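Engineer: Chain by chain, the residues:
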Amino acid sequence: MMRWRYLKQSAFFALVRASALIITLTLGGIILYILMHGYSVISWEFITKPPTDSMTQGGIMPAILGTIYLTLGAIAIGLPLGVASAIYLTEYAIQGRMIRLIRVGINCLAGVPSVVFGLFGLAFFVIIFKFGSSILAGSLTLGFLILPTIIGASEEALKSVPQTFREASLALGVSKWQTTYRIVLPNALPGILTGSILGIGRAAGETAPIMFTAAAFFTSKLPSSIFDEVMALPYHIYVLATAGTNIEATRPIQYGTVLVLVAVVLGINLVAILIRGYMRRNKRW
Amino acid sequence: MTRHIKEIIIKYVFFSFALVSIVVLGMIVFSLFREGVPIFKVVSLKDFLFGTEWYPTFDPPLFGIFTLIVGSLIVTIFATLLAVPLGVMTAIYISEIAPRAIKEILKSIIEMLAGLPSVVLGFFGMVVVAPWLQNTFDLPTGLNIVNASMILALMAVPTISSISEDALYAVPHEFKEASYALGATRFETIAKVIVPAALSGITTAVMLGMARAIGETMVVLMVAGGAAAIPESIFDSVRPMPASIAAEMGETPYRSAHYHALFATGMVLFFLTLAFNLIADYVSHKFKQTGSATP
Amino acid sequence: MDSNIIIKLNNVNFYYGNNRALTDISMTFRKNKVTALIGPSGCGKSTLLRLLNRMNDLIDGTRVEGEILFEEKNIYDPEIDPVEIRKKVGMVFQKPNPFPKTIYNNIAYGPKLASNNTGDINTLVEQSLKQAVLWDEVKDILNQSAMKLSGGQQQRLCIARALAMKPDILLMDEPTSALDPISTAKIEELIEELKKNYTIIIVTHNMQQAARISDETAFFYLGNLVEYNKTEKIFTNPDVKHTEDYITGRFG
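These protein sequences, in sequence, are chains A, B and C. Note that the numbering used here has the first sequence beginning at 1, numbered continuously upward. Note that the numbering used here has the second sequence beginning at 1, numbered continuously upward. Note that the numbering used here has the third sequence beginning at 1, numbered continuously upward.
Source of the hints: derived by calculation from the structure; they are not laboratory data. Some hints could be false.
Below, a list of computed lysine-lysine pairs in the DSSO-like style, where the Cα atoms sit at most 30 Å apart [unchecked claim]: (1) C:K95 / A:K159; (2) B:K6 / A:K159; (3) B:K41 / A:K159; (4) C:K88 / C:K230; (5) B:K6 / C:K195; (6) B:K11 / C:K112; (7) C:K8 / C:K101; (8) C:K8 / C:K73; (9) B:K6 / C:K112; (10) C:K130 / C:K95; (11) B:K11 / C:K73; (12) C:K31 / C:K195; (13) A:K159 / B:K11; (14) A:K159 / B:K286; (15) B:K103 / A:K8; (16) C:K112 / C:K195; (17) C:K230 / C:K33; (18) C:K230 / C:K95; (19) B:K11 / C:K101; (20) C:K112 / C:K166; (21) A:K159 / C:K112; (22) A:K8 / B:K192; (23) C:K241 / C:K31; (24) C:K195 / C:K101; (25) C:K88 / B:K11; (26) C:K166 / B:K6; (27) C:K73 / B:K6; (28) A:K159 / C:K101; (29) A:K8 / B:K107; (30) C:K139 / C:K73; (31) A:K159 / B:K103; (32) A:K130 / B:K41.
Since the structure is predicted, the reported quantities are computational estimates derived from the model, not experimental observations.
This is chain A alone, in the form it adopts within the complex:
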């Protein structure tokens, strides 16, 4: 009887370990595959030169630059809004219907499909606000897309600041805002930073939201203002991999671009993970 029970346990443990192994191997396999195929394409020229010969030769510099612009724009919009929302929710809000509604709203926003964000950006920023397909429209769309991520991370960071710090400050006759600004925010900053880094990674890798709002198939010039269209790494991959008759001819460039994008996004994620690990080990309270 007991043997049978342990046999069942062993079988279950094996199954559970296998699941974890499958996921690890899949991720490892994907990354290894991309690395092996993209590695030979990467060169200084590839990263610093624009495409040539109807994109079958040359580099991807404009796409890298475009992704940087869009990502910086998105974080410039998402970070202040997200941190401010989180401050309200953790420091000021009194539990009730309104807060429940705001939370449901944030959860729903987090669940909106990225292509719907694209439609929203198209209808609102491109058409109603007349920004056209531009860095501005794309950044706004991506900024709202990463808003829930940043709110979530910031809330968690703010909540992790011990309540006793707030009490100590308030008991000294320091106002609520000063307490938030001088005690709570500085102590939550590393956590907020991690959240925004994850937001950056998300924004850099998204394709659907920028398809109709910012991304161009090809631009002959680099953007000169926030009202210009840009090329972007994810869109570049999609376009080269699916459109036109040159799919096979541009295969190496596709692999190279995928590698650059993956390196950027996973690099960003890794930094966030490392910062968080460092913080946990050096917790001051």
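Use these hints to put chains B and C onto chain A, whose structure you have.
Structural biologist: For chains B and C alone, coordinates are given in the frame of chain A:
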């Protein structure tokens, strides 16, 4: 008194920032309705939802998105069937079985997987999975339901796994100790005590994973094959809603019937994912896990 | 009002949601005395303490009835800014809670933010630390993190931090319950010293402590003020049987 007023002003400033999420959600609904509703002058709601012919560029065009809805549902269901066991099992491994070091590494791996851009996974599906499927099963194309479901499952696993893990982790330690003290094995404790106690959290995780899969665009755009027809086998191509929107929006004249039809498709997609999210929210609040007895 | 009286409570009721935590409390606190609040857990003594500097405002769904007069003004009057009250009524908590800042900045934090402050901060820091009998131990490490101090030092730092605001009253919520006996003795000595300049109201679980350091003692039970008198009287010849049972350890 002036500082008191300043504090009140600051509070309301933050309040208005907190409202931004709801305002954006409202703007999304507004833009979908504004650009989507006009299609119903051309086609009835019933014909739009249940029409099986999607020929938006024909003359006269046909706007029935039933095949697109079926395409979305099929890949989502198959992806869920793959992702739920994989995700929940991994969560159990991380939260209950794995040694500390492996636990941390595995959590990072899941996070990295979540961080992989969808276009990269779509690309991988196109250049690796599709040729493999095509050769192994001798198919006309490897861009089909199986391929899309596998890649989508990969995208849903991190969501399912990390939320399930939180739920498992939140099960009070007392429950486990009580079970061990009664002579139960670890497996019995996991199967009969821990998982049931975390079930609402796991349900939430599955709903959110499904919402993620149904709304995912680049993967279905790149690997589902794009055929707007009711599939007869799991090796047939489909055209899920996000794929149709993303592929066609670029070539559609502004405010044409086709343009409105794509926004209306976006509405359907939006409300479908909203339903999944609200169910998840409801489940997680209604069946909130109870902690240990209060002292 | 008697000039020796600094705080006066008139028929105060306090609610957490629908639960009444304090019932019809009327009492006065005298200037430059140490008043101890004692009673079993959940009797409302900490709640009462936190009413006196409006710290209970921070908890959602609480409600106060009646009035609490401080310098003849009701501190729960809607016109009153709780921030002003807390400047005059300092507080020391159960667990030492220094900020993760340097020792110097812990003390300087409050005064720097107080708008009416004009004096020299360095002097104030030294003064406060000396008052809290911590100066000799930390004068060479003012720029070190306060988190590195021992528990007892941290608690004295928290007292110095409160004193730097030059309050009239010091509220202490079981200030020694997290400390070792030696640190506890130091804090008790300090309280003895501080009552020359401050009014001290202290919540404590420790009967001997209340007997040792306080001038007056109030015994609470289930949200009611059972007995309030000179400490000597309470501990030698209480009027109420209930008080005697608690003090002699028959329940609690």
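Engineer: Determine for every hint whether it applies to the structure shown.
Structural biologist: Now for the hints, and whether the structure bears them out:
| no. | hint | verdict |
| --- | --- | --- |
| 1 | C:K95 / A:K159 | 19 Å, holds |
| 2 | B:K6 / A:K159 | 24 Å, holds |
| 3 | B:K41 / A:K159 | 51 Å, violated |
| 4 | C:K88 / C:K230 | 25 Å, holds |
| 5 | B:K6 / C:K195 | 36 Å, violated |
| 6 | B:K11 / C:K112 | 23 Å, holds |
| 7 | C:K8 / C:K101 | 37 Å, violated |
| 8 | C:K8 / C:K73 | 10 Å, holds |
| 9 | B:K6 / C:K112 | 19 Å, holds |
| 10 | C:K130 / C:K95 | 21 Å, holds |
| 11 | B:K11 / C:K73 | 27 Å, holds |
| 12 | C:K31 / C:K195 | 9 Å, holds |
| 13 | A:K159 / B:K11 | 18 Å, holds |
| 14 | A:K159 / B:K286 | 23 Å, holds |
| 15 | B:K103 / A:K8 | 23 Å, holds |
| 16 | C:K112 / C:K195 | 25 Å, holds |
| 17 | C:K230 / C:K33 | 11 Å, holds |
| 18 | C:K230 / C:K95 | 28 Å, holds |
| 19 | B:K11 / C:K101 | 26 Å, holds |
| 20 | C:K112 / C:K166 | 13 Å, holds |
| 21 | A:K159 / C:K112 | 26 Å, holds |
| 22 | A:K8 / B:K192 | 13 Å, holds |
| 23 | C:K241 / C:K31 | 29 Å, holds |
| 24 | C:K195 / C:K101 | 29 Å, holds |
| 25 | C:K88 / B:K11 | 25 Å, holds |
| 26 | C:K166 / B:K6 | 25 Å, holds |
| 27 | C:K73 / B:K6 | 23 Å, holds |
| 28 | A:K159 / C:K101 | 19 Å, holds |
| 29 | A:K8 / B:K107 | 26 Å, holds |
| 30 | C:K139 / C:K73 | 40 Å, violated |
| 31 | A:K159 / B:K103 | 24 Å, holds |
| 32 | A:K130 / B:K41 | 26 Å, holds |
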